[in-house]
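Novice: Each chain, letter by letter, is given below.
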Amino acid sequence: MAKMDKKWVVLCSTAVAAVYATGYFITETEAVIQPSLQQNQVNTLTNQMSTGSNSETSRTAVTANEVKSTDKVQQTSVYRDGVYEGIGSNRRGSIQVTVTIQKDKITDVEISQFAMHYSEQDVVNMPDEVMNKQSAQVNNVSGATYSTEAFSSAVQDALDQARNT
Amino acid sequence: MDTVVDIQVVTGSETSSLSESVVSKIDRAFNAFRHVEQACSRFSSDSELMKACTQIAIPVGISPFLFEPLKLALDMAEWTKGVFDPTIGKMMEMHGFNRHYLTQRRMNSFVAETVNYQDIVLDEFNHTLMLRRPLVIDLGAVAKGFAIDLAAQELQGFDGFVVNAGGDIYAGGLNERGEPWEIGIQHPEHKGEVICSLTLSNEAACTSGSYERRSAITDDIHHLIDPVTGHSPKEWVSSTVIAPYAMMADVFSSAVMLLGMEDGRKLIHLADVRAILITSDLQLIREGGVWK
Numbered sequence: 001m002a003k004m005d006k007k008w009v010v011l012c013s014t015a016v017a018a019v020y021a022t023g024y025f026i027t028e029t030e031a032v033i034q035p036s037l038q039q040n041q042v043n044t045l046t047n048q049m050s051t052g053s054n055s056e057t058s059r060t061a062v063t064a065n066e067v068k069s070t071d072k073v074q075q076t077s078v079y080r081d082g083v084y085e086g087i088g089s090n091r092r093g094s095i096q097v098t099v100t101i102q103k104d105k106i107t108d109v110e111i112s113q114f115a116m117h118y119s120e121q122d123v124v125n126m127p128d129e130v131m132n133k134q135s136a137q138v139n140n141v142s143g144a145t146y147s148t149e150a151f152s153s154a155v156q157d158a159l160d161q162a163r164n165t
Numbered sequence: 001m002d003t004v005v006d007i008q009v010v011t012g013s014e015t016s017s018l019s020e021s022v023v024s025k026i027d028r029a030f031n032a033f034r035h036v037e038q039a040c041s042r043f044s045s046d047s048e049l050m051k052a053c054t055q056i057a058i059p060v061g062i063s064p065f066l067f068e069p070l071k072l073a074l075d076m077a078e079w080t081k082g083v084f085d086p087t088i089g090k091m092m093e094m095h096g097f098n099r100h101y102l103t104q105r106r107m108n109s110f111v112a113e114t115v116n117y118q119d120i121v122l123d124e125f126n127h128t129l130m131l132r133r134p135l136v137i138d139l140g141a142v143a144k145g146f147a148i149d150l151a152a153q154e155l156q157g158f159d160g161f162v163v164n165a166g167g168d169i170y171a172g173g174l175n176e177r178g179e180p181w182e183i184g185i186q187h188p189e190h191k192g193e194v195i196c197s198l199t200l201s202n203e204a205a206c207t208s209g210s211y212e213r214r215s216a217i218t219d220d221i222h223h224l225i226d227p228v229t230g231h232s233p234k235e236w237v238s239s240t241v242i243a244p245y246a247m248m249a250d251v252f253s254s255a256v257m258l259l260g261m262e263d264g265r266k267l268i269h270l271a272d273v274r275a276i277l278i279t280s281d282l283q284l285i286r287e288g289g290v291w292k
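Taken in order, these protein sequences are the chains called D and R. No gaps in the numbering here: position 145 of the first sequence is 145 in the working numbering, and each next residue is one more. No gaps in the numbering here: position 76 of the second sequence is 76 in the working numbering, and each next residue is one more.
Note that these hints are calculated values from the structure, not bench results. Among the clues, some could well be false.
Derived lysine-lysine pairs resembling DSSO-like cross-links, with alpha carbons at most 27 Å apart [stated by the list, open to error]: (1) D/6 <-> R/51; (2) R/51 <-> D/103; (3) R/51 <-> R/266; (4) R/25 <-> R/51; (5) R/81 <-> R/71; (6) D/6 <-> R/81; (7) D/105 <-> R/234; (8) R/71 <-> D/6; (9) D/105 <-> R/266; (10) D/7 <-> R/51; (11) R/71 <-> R/51; (12) R/71 <-> D/7; (13) R/234 <-> R/51; (14) R/25 <-> R/234.
These numbers come from a predicted model, not from an experiment.
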């Protein structure tokens, strides 16, 4: 079979161009949420954003505006407004989160307590360290989806408490 | 997307103040992820994808944020004769991959008994999608890569930048020391450890691994499932593909996992990409292209 390298590259470049051709980015006028910025280096900016779930190992808080609500269609309110604490755990320990809810939207999620136990081997290279590293040495790891299990069950715990029954 | 997105840019200036244009470019890069998620998520019923899929046998107009990744997924489905198949969505739901990462709400979609990628019809002229039968489309192997490519497009003006979406990475230009970016490959067995590393400039690296996102319901099932056998592939524990586009690296790394040893390698050579493959006994195999 003939080589098909060009085919896939062309497909991808066409895909990116198609978005621009229709003017989606250029005419973007919606009130866009500003992710919080943090500066890590003199000339390198690291801007951490989570589209929702945060890593159990990184302690970066998910700030309010980075969390989208998907409950727009709701007629009656599912959750009561307020601030709720949730706890999630797995075999490595527990994690506590504070979830703020306003009008059925999760407006803030913060990791309030972090008590995960890691084996020595894991602690040495905790993704937390990697992300806070001040140099551009191996701080990008392909294939490492930060585990979100304990975090998401903590959020679920908080949401269960907020549920309007 | 249930993933941490990290963007780094090299501004080339010595000052610590961030100009507005730098901030707005980074904002636009992050917005690419929001746009693609709103278009392609199968976890929320108000995404463009899930809304479009409520119409059966009727062509529905869709935006390029959905059309383009879907087209690439269908091309790969055709090439692999359905080993890679975006209609795997229902099977994923049944194995517990059906919960929205924020609302925790589970999807349980109605679908026809047996479906495959040929039940999806894309019209390139009118930019419409038509389903022949009810099914759930999963764009997990292309949507993130596409968002990374759009984000990278927004960051082209910088001397260097890295877009890292949960381990799928595009590295543009050079790092702050004027060198290619160093990218680690996750060790399949030791979380937080790197098994090897490589340097990249103006290229993407995406890794599919059987060690991540395992089914909570079914043993031996992870997020990659062969639609014909209903099982998860085992020949590779991890496949990293390096390609000019993240969407390409993304779909290839998934396809190579699904195709297994022989056909996976064949695909890499035909497409002229590079790959680092890891066998179940942790052997590293470098395939394709030129390795320094």
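Novice: In ascending order, which of the hints set out earlier in this document are inconsistent with the structure?
Specialist: Checked against the structure, the hints that fail are numbers 1, 3, 4, 7, 9, 10, 13 and 14, while the rest are satisfied.
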